[in-house]
Every structure is written in structure tokens, then in C-alpha cells.
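Protein sequences appear in the order of chains A and B. Each number in this note's numbering corresponds to the 1-based position in the first sequence with 17 added. Each number in this note's numbering corresponds to the 1-based position in the second sequence with 17 added.
Watch out, some of these pointers could steer you wrong.
Since copy identity is lost for identical chains, a pair holds within one copy or between any two.
Below 30 Å or equal to it, Euclidean Cα-Cα: the simulated DSBU-like pairs (lysine-lysine) are [unchecked claim]:
#1 K338 - K327
#2 K338 - K58
#3 K327 - K58
Calculated directly from the structure, the hints in this document are not laboratory data. Every value quoted in this text rests on a predicted model; they were computed, and no experiment measured them.
Number of protein chains: 2
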Amino acid sequence: MTLRWHCAATDGAARAGVLHTAHGEVPTPVFMPVGTAGTVKAMTADAVRATGARMVLGNTYHLMLRPGAERIARLGGLHRLMDWQGPILTDSGGFQVMSLSGLRTLDEQGVTFRSHVDGSTHRLTPERSVEIQRLLGADVTMCLDECTPFPATEEQAAESMRLSKRWAARCRDAFVERPGHGLFGIVQGGVFPALRAESVEALTRIGFEGYAVGGLAVGEGQEAMFAVLDATVPLLPADRARYLMGVGTPADLVGAVRRGIDMFDCVIPTRSGRTGRAYTRSGVINIRNARHAEDPTPLDAGCACPACRKHSRAYLHHLFKAGEMLGPMLLTWHNIQYYQDLMAELRDAILTGTLAATAARIEARWQAGEEERAA
Amino acid sequence: MTLRWHCAATDGAARAGVLHTAHGEVPTPVFMPVGTAGTVKAMTADAVRATGARMVLGNTYHLMLRPGAERIARLGGLHRLMDWQGPILTDSGGFQVMSLSGLRTLDEQGVTFRSHVDGSTHRLTPERSVEIQRLLGADVTMCLDECTPFPATEEQAAESMRLSKRWAARCRDAFVERPGHGLFGIVQGGVFPALRAESVEALTRIGFEGYAVGGLAVGEGQEAMFAVLDATVPLLPADRARYLMGVGTPADLVGAVRRGIDMFDCVIPTRSGRTGRAYTRSGVINIRNARHAEDPTPLDAGCACPACRKHSRAYLHHLFKAGEMLGPMLLTWHNIQYYQDLMAELRDAILTGTLAATAARIEARWQAGEEERAA
Chain A
18 MTLRWHCAAT DGAARAGVLH TAHGEVPTPV FMPVGTAGTV KAMTADAVRA
68 TGARMVLGNT YHLMLRPGAE RIARLGGLHR LMDWQGPILT DSGGFQVMSL
118 SGLRTLDEQG VTFRSHVDGS THRLTPERSV EIQRLLGADV TMCLDECTPF
168 PATEEQAAES MRLSKRWAAR CRDAFVERPG HGLFGIVQGG VFPALRAESV
218 EALTRIGFEG YAVGGLAVGE GQEAMFAVLD ATVPLLPADR ARYLMGVGTP
268 ADLVGAVRRG IDMFDCVIPT RSGRTGRAYT RSGVINIRNA RHAEDPTPLD
318 AGCACPACRK HSRAYLHHLF KAGEMLGPML LTWHNIQYYQ DLMAELRDAI
368 LTGTLAATAA RIEARWQAGE EERAA
Chain B
18 MTLRWHCAAT DGAARAGVLH TAHGEVPTPV FMPVGTAGTV KAMTADAVRA
68 TGARMVLGNT YHLMLRPGAE RIARLGGLHR LMDWQGPILT DSGGFQVMSL
118 SGLRTLDEQG VTFRSHVDGS THRLTPERSV EIQRLLGADV TMCLDECTPF
168 PATEEQAAES MRLSKRWAAR CRDAFVERPG HGLFGIVQGG VFPALRAESV
218 EALTRIGFEG YAVGGLAVGE GQEAMFAVLD ATVPLLPADR ARYLMGVGTP
268 ADLVGAVRRG IDMFDCVIPT RSGRTGRAYT RSGVINIRNA RHAEDPTPLD
318 AGCACPACRK HSRAYLHHLF KAGEMLGPML LTWHNIQYYQ DLMAELRDAI
368 LTGTLAATAA RIEARWQAGE EERAA
């Protein structure tokens, strides 16, 4: 049996469910920490597990270049390499080819690009992307698509989305079925509802174990992103998982869960943690700010991560001022913990039919915290 | 009662004992990881504890400049700040004033220097050094001394050692007695046995809770260092702890334990870990070496740290090549674990009267490992 998702409860458009994979069950909505190059940056796998995270993301682009997909396969796969026993979703490599590599050439068959690591030339096709993800051992494989640039005209967005459709069919053909493993299609079409609908229609005709909404959080803003979700999500099959790629802030997640999204990944909590930005129940805190220098209180009194349970804001501030690695380590841990706690709180609210009130309470606390800091 | 050390067993000149402090008992010989600026670099306090480490070192110079001794005191002391419940030994600040700060001026009363952090001017005297260490909450306070440069003429070494003697008396006067806390004197005198003897004679006349051998591992080489220990350690009181400052490699530690040293600190395991050098039961390994790129075996099969228990050399190699923080984090953890395991093995050998055979076996394994790698 391939990978399945089942719905446990709904609250408005929001869903609480369970994703069944070869590496265990994952309650949804779920936030997947990003393990770019075989590691969630600045965290041990034990620390990631300790936050309650059940599923992580790996990046095909980074891993195919270094250490290489065939090498990872010879070493027993990505789960074993990074000591992650839970499920792993891998992206297709397409997004990073566009954003990181040099001298790329796109054609009907695929994309040729230069590695940002050593300048070597590589070729990624739908078939090769699926093969790499199989070599990595991904529980969830993503179709290779072209991430439509923003802004794009409707004509550009249509052309791009139709290429992704043709590639999606090739990915489906290339995918080798294995128990608990699945392939997700990616809805494209920019900010144009008709194109999104055309994309959904084509992908559902092919048939996938889950559906991602791609091409968002690329500069269009939260309002436009939510508008795309409002137009797109209701068209997706109710019995498959829905994944909003590369999103987002805590406020993005709350809004997207309310619109029926089940799965998320984003570098925001890890990247922000490394620069001293913490997401908390009271909003965003920049721990480098001088007002924390002698503050004996925890970053977030409601959080059970080591940064909050064992240390003061003053200590975290000191670590960042002194350039100590423990600063990024602790703030990354906290941010991932906060994202996991937030998703668990939203899931509980869906199960009890109280999502609207819960979301309002969460957002009010963020607002109150921000006002407090401005005072 | 001030801090005490008692001897549990001897084997030749080597001693197994217990240091009794305000923050618990510490079996000796002991290696203290260096927590320079209030953190053992790249490790959480939980990780440090997990290696079996019972006592850490803090650096007065770094902490007085940032975040500041008075601020640490207001925040509840260094133990609370860094979440370390075990004992802490702090150095006097003198060594880093000489090695890190700019524009320093030494006079009979103390030393004036410019901070390497922000260029501000600071003054360190024996009295102020002891006061800072009290503000930090140190279980073991070190006397402010002048670390004699190497090489030095006998005349220079004598002058420097006699200044340190006068400062040691002032530190003793400035030290406030508290239960479980103690002050250690520091034997100086360079590589000149007569000067070392004069220093021991003066310090024991003043009387300290423990005695450090300072001014070594500054370029004189292992043979000269062991010669100084051979000449100096037998002169020290048998009922007090003996601490060899800033030393060293695993081979240095084995040799010094055999010569009667009880306590050590050194940045080698942490600093080496950050650059990819690992100390193992089979000698030194540079994980960045290409021969590890596809090696599925652990760094050290005899080690229980997460780097060895959960990952392959290939993964650690990848992390360093990719510049991932987890590489330094895991190798630092391993190195501290190895140092703790080594000290525990030496202590057990002393307790069972088998130190010579144990040391020979440990050293033979290092040699065999190095030969294997050369083959």
C-alpha cells in the first residue's frame, strides 16, 4: 500500500489527520523542519526529535551535489545517514536549481545547471529527480516542477505551469511504488485562479498520493498567498494530504491551516534562530537587542525547550554578542520547538472544534507582546 | 570547611582521589572542559554532563569583559547563567591578558590592558582578580600570576616567578573563605628546577587548598614539560590537589597523571573538534580527509557519544565538507567524551594498581592506529 492520509476531524476548512508512511505515522497539520544537507542546521537529530517533530525535509539539490545521491544510497540512505527514523520528504531539486545554481538552461526535457559548490555541470530531469529521491530513501517524493518566478504575466505563468504538468506525468511514470511511499504533485499557476484550477485538474487526473501548492511565498505577500489558497484548496481531493511548500511565518501557518493545508516546511525557524530572531508566544524577539542584556526571564515562559527552561534572555543575548555557537544552537532549538507546539495547539483545536477561537487567542498574544515591546 | 581533596589510592606517583566542593564531589584525575565565555563551545550543558564531565573551567578575562563580572553576579552567578550545577574552576585572567589583550602594562600592583573586544581599558590586580572570581561564583579560584614567557632566561624567569609569589600572598589575603570553595596557588619558574622549588616553598608557606603548575605547554615541548613535573610535583604537599594548567593532548595527560597530577584543562579537545580533528582510541583522525568520504564505520567504535553511536565517518566528513554546524558540534562532543573516558580509565587503573600496563596499552593502540592509517 502506498502512502496514505486520513482525516480525523475537520473544523471549517481545516483538517486534523494522520499521514501513514513507511517510517511511521505523522499527525497533521505538521511542520517539517528543513534538513537541507542531511542535517537540520545547528541541531542534533535527538534535539529535533525532542521538539516533537515527526517528519523532516531533505533537499535533493544540495544532497545530489554533496555528498551525492548514489553515495548516500551506498551508505544506507538518508534516514540512516542523518539518524532520522521518522519519515522524510524530499523536494525535487527544482527550486534550488533556480535560486542557487549558475548558468542554468531549461528545455522541455529538463534543466542543465552548474553546481554552486564546485562549478561542475549537472542535469536534472523529471526521471532523474525521482530516481535521486528514491536513492535518498524519501517517504514522500516531490514531482520536479518549474517554480514560476514572481512577478510573472498570466502567459508566462501558464507556459510554466503547463511544462510542470507534462513533467508531473513523467514523474508519475518514473516513480517506483513501494509500501508507505508516495509521490506528490505540485499545483502551479502563479496568482491566477484559472491557471491554478487547470493545474489541479491535470494533476488530479494523473493522480498523486498528495498535492502540494507551489510557487508561493516568493514575494506575492500574505494576502495574495491566502487568496490563492482560497481559490485552490477547495479544488483538491479531500482524501489526500495538502502541502504548502516553503511556508512560512507562524501567522502564515495559522492562516493556511484554517484554509485546509496539512503540511508545511520552511527555513524561517532555523535561519532566524541562527541570526538571533526568536518566535515566541508573545511575538518575535530579537535577542541581540540591548534591552535583553540583563533580563533574567526566559525567552518564552510557556516553552519547554532548553533555551527557555534552563537559561535567561540575558544569557542568550550574551551568547550572540560573544559569537558563541551555542546561541544559534539554542535559538534554533527554541524556534523549532515553538513551531511544533504551535502545530500541536492548532491540531488540538481542530479536534475539539475550537480553531477559530484558538487562532484568535494566539494572534492576540502576538499582538499584545508586540505592543508591550513598543512601550 | 574550605574545599578539600582526599586521596583514595596511589599507583607509583599517580593518585586517584576526590575533590570535595560546594557543588559536589569530583573524582580525580579529572579533565575540565573549557567554558571560555560561559559555554563549552558548541555544546549544551546537558551534552557536557552526558560525557561524564563533572567540573568545567571558566575564563575570568573573557567573562569580565563580556558580559561582565558584576552583571553575572546580578544574574545569579556563572553556574546559573550557563546551567552548570557542578563545580567551576575559574582562571585568574592573567594568561589571556598576556595572550589576547592589546597595550598591556605590567607593574608591581597589577596589569593594565586594552580589551580585545572593544578596545576599552581595564585593570587587573590580585585583589580584583579574586573579587571577580567570587562574583562569578567559582568553586576554585586561581591566584593571579604572571605567566612567564617561553623562552626566558633564568633571570627573567626568576623575576617573573617572584612577582607571582608576591601576588599569591595578596590573593590569599583577598580571598573570602566560604564552605566548599578554595584558592589555588600557581607554581612558576619556567624550566629551571631551582626556581620551581623556590616557588613551591613560598606558596606552601602561604598555604593553599590546591597547587597548580603553570607556565607549561607554552612551547617547551613534552619532554621539557615532563622534566619540570618530575622536579616539581614531588615537592608539593601530598594532601592537596595538583592542577596542570592548559594541558594538553591525551599523551600529555597520561604522562602527567603518571607523574602525580590530578586536574587538567585544555582547549585542545574543543578547538580540535571544531576543525575536524578527532582524538580516538586509535589515535588522531582528521575527518576532513578524503579517505573518510564513504567510510560507513564509526569514528571510534569504543565510544558511546552520539557522533560514534549514531553516525558514520562518511556523515561526519560530509558535515565538515558542507560547512554544517553539526560537524563541529558532534566532533567537539566526541573529543570531550574521549577525554572523559580516558581519565576514567586512568583512574580505574590507579585504583587497581595497573596504571603502567594500562598506559602502555592505551599508547600501543594509538601507535597501531597511526600505523594502520599510514599503510
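Checked hints:
1. In this homomeric assembly, K338 and K327 come within 30 Å of each other (Cα to Cα) only inside a single copy, at 19 Å, whereas the closest approach across copies is 33 Å.
2. Taking the shortest Cα distances, K338 and K58 sit within 30 Å of each other both inside one copy (20 Å) and across copies (14 Å).
3. Taking identical chains as interchangeable, the C-alpha atoms of K327 and K58 lie at most 30 Å apart whether they share a chain (21 Å) or sit on different chains (17 Å).
Taken one by one, the earlier hints all hold for this structure without exception.
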